[in-house]
Amino acid sequence: MSWQWFHRLGSPRWFYQKSSAWLPWLGGAALSLLSVGVVWGLGFAPEDFKQGNSYRIIYIHVPAAFLALAGYYIMAISGAIGLIWKMKLSFVVMRAAAPIGAALTFIALFTGAVWGKPTWGTYWVWDARITSMLILFFLYLGVMALSGAFSREQSGDKASALLALVGTVNIPIIYKSVDWWFTLHQPATLKLTEASTIDPSMFYPLITMIAGFYLFYAWVLTLHTRTMILQREGRTQWVRELVGASAPAKA
Amino acid sequence: MGSEAVEVSLSKKAQPGKARGVALAAYARVPGFYTLFRTELVLAARRRSDIVNPLLFFVTVLAMMPLGIGPEPEMLSRMAPGLIWVMALLATLLSQESLFRGDYEDGSLEQLALQPQPLYFPVLAKVLVHWLVTGVPLALLSPLLGMMLNLGAEGYWPLFVSLVLGTASLSLIGAVGAALTVALRRPGLLLALIIMPLYVPVLIFGTGTVQAALDGYSFGPQLAVLGAILAVAAALAPLASAGAIRISLEN
Amino acid sequence: MQFQFDSLASFFAMDGHGPYVWASYGMVVLVLVVLAVTPVFRQRKLRRELQQQLRQEEARRRAATTRAASQRAAEVVE
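Protein chains in written order, with our numbering: chain A, 20 to 270; chain B, 428 to 678; chain C, 655 to 732.
Note that these hints are calculated values from the structure, not bench results.
Each residue gets a CB set at the ideal place from its N, CA and C atoms; glycine is no exception.
Some clues are possibly wrong.
Unchecked claim - Computed, partial: chain A to chain C, Cβ under 10 Å: (1) 47; (2) 51; (3) 66; (4) 70; (5) 80; (6) 118; (7) 122; (8) 126; (9) 141; (10) 143; (11) 184; (12) 235; (13) 237; (14) 238; (15) 246; (16) 247.
As the list claims (entries may be wrong) - Calculated lysine-lysine pairs in the DSSO-like style (CA-CA distance at most 30 Å, straight line): (17) A:136 / C:699; (18) A:37 / A:105; (19) A:107 / A:195; (20) A:136 / A:37; (21) A:195 / C:699.
All chains, please: the whole structure from these sequences, using the hints.
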């Protein structure tokens with residue numbers, strides 16, 4: 020049984036060198052899926068008979084909300100891998116994932132608020148899903164603030180990884196308690212177990228957008244991770260060689 | 428982990444054959460839970476301002492509330508459960524900052540971490556004492572504040588019981604944050620930022636208990652959930668705090 | 655599948671819901687662009703800083719070797 024690939028994954032250098040080949044593919048696929056999805060959703064998907072055209076916000080709101088939550092788990096799991104196997108790379112991924120997740124949570128909150136105005140007549144409702152999204156946003160901010168508060172980088176890594184893990188245990192509890200507290204939101208449009216309540220002509224662009232957001236997330240996460248690797252490994256030989264090789268020849 | 432360290436360090440000095448016996452003797456000298464608890468209680472009793480200040484904060488801020496929102500009895504009685512609960516939450520949070528600080532600064536936290544027993548029990552003892560000197564007095568004071576805020580008569584008992592159960596969970600969850608930030612110079616606001624989102628379920632079910640009683644429903648289910656949260660927190664939070672203390676000590 | 659709007663103007667108006675839809679999409683585009691562009695800029699800046707650092711070290715090393723050489727030359731002359 021070869022675990023070499025797993026250990027190799029922990030090496031920032033290996034990741035940096037390999038990922039430069041993935042980047043154009045990831046970015047190209049993400050951007051093309053997103054543009055197809057946006058045009059499809061904005062122009063070609065049929066109008067909703069109840070909400071009119073404002074429902075077209077769903078094509079960004081739902082994917083952003085999906086990734087806001089998934090991003091937290093990606094962050095927490097990479098933090099856990101870092102804590103357990105002491106992998107340098109996974110802490111870098113964790114730190115890179117925090118601002119991206121926070122940005123996506125912000126998108127979900129913003130689009131939800133704007134969507135709420137024509138649909139419910141108000142920008143903000145203290146309903147279950149909005150409130151738990153807001154709390155998720157605070158959790159992201161907490162992880163970011165804690166990771167930046169330590170003067171020693173490794174301590175910041177470990178402390179924020181632990182906080183992310185504690186948050187992971189809490190997310191289902193928070194979600195359920197807020198759900199119990201108050202619910203006004205429409206029931207979930209996409210369900211894994213039951214048939215979706217959405218028409219196929221509206222569903223395909225949505226799936227395209229979700230796939231596009233996932234790819235975009237992977238692309239941006241790789242970009243952020245690579246930048247942070249360069250920043251952290253600035254003193255190592257391979258970074259010096261890399262930077263030195265790309266230096267413009269000077270007279 | 429701690430036991431190995433002791434055994435190794437002792438066996439270097441002692442005769443090889445005696446090492447095991449010495450290590451066992453080291454086990455025997457480890458303070459039990461009761462000793463830890465009593466020490467903490469004595470220490471807490473000597474720092475009287477640490478006990479009184481959160482209570483004073485609690486009462487003062489709640490006395491400010493009618494000045495801010497107006498003296499109408501109906502409105503005050505509607506807001507009373509929420510106000511009392513939020514203030515209890517803030518009072519717990521503010522007092523939590525110093526939970527591990529003294530021990531961290533004088534080095535006894537390090538000594539505790541080096542002992543051949545899990546950090547779980549010292550943390551549990553500290554949290555238990557913290558709850559006894561802040562949470563329980565807050566709950567005992569709550570009927571007085573209920574009276575000031577015109578709380579309905581049927582709300583007093585649920586408020587007291589929910590505060591007793593809830594503040595214990597708050598102390599446990601807050602201990603994780605206190606342990607994560609103990610190595611930082613000025614953790615105050617950061618502690619609030621990372622811990623507040625985790626307090627949400629306790630707040631929801633705490634106020635839910637009182638609200639249900641005021642509305643004439645049975646409040647057993649809410650209390651049961653508060654108890655369940657307490658059970659989970661008591662099992663997991665000291666573990667997370669112990670991990671966080673070890674991370675902070677590395678800093 | 656066909657385009658759902660009669661004209662471009664009605665596409666932008668979205669039956670009065672235009673401001674909401676376009677505000678959301680605009681904000682999303684803004685955030686996504688910021689997410690994608692910041693690492694590129696930061697990486698460029700980092701590389702420039704590292705290159706400068708390397709150049710400085712190189713210059714210092716060269717200066718040290720020439721100084722050593724000139725000293726040696728001076729000793730020989732003496």
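> Which earlier hints can't be squared with this structure?
Replying inline: 1, 2, 9, 10, 11, 13, 17, 19, 20 and 21
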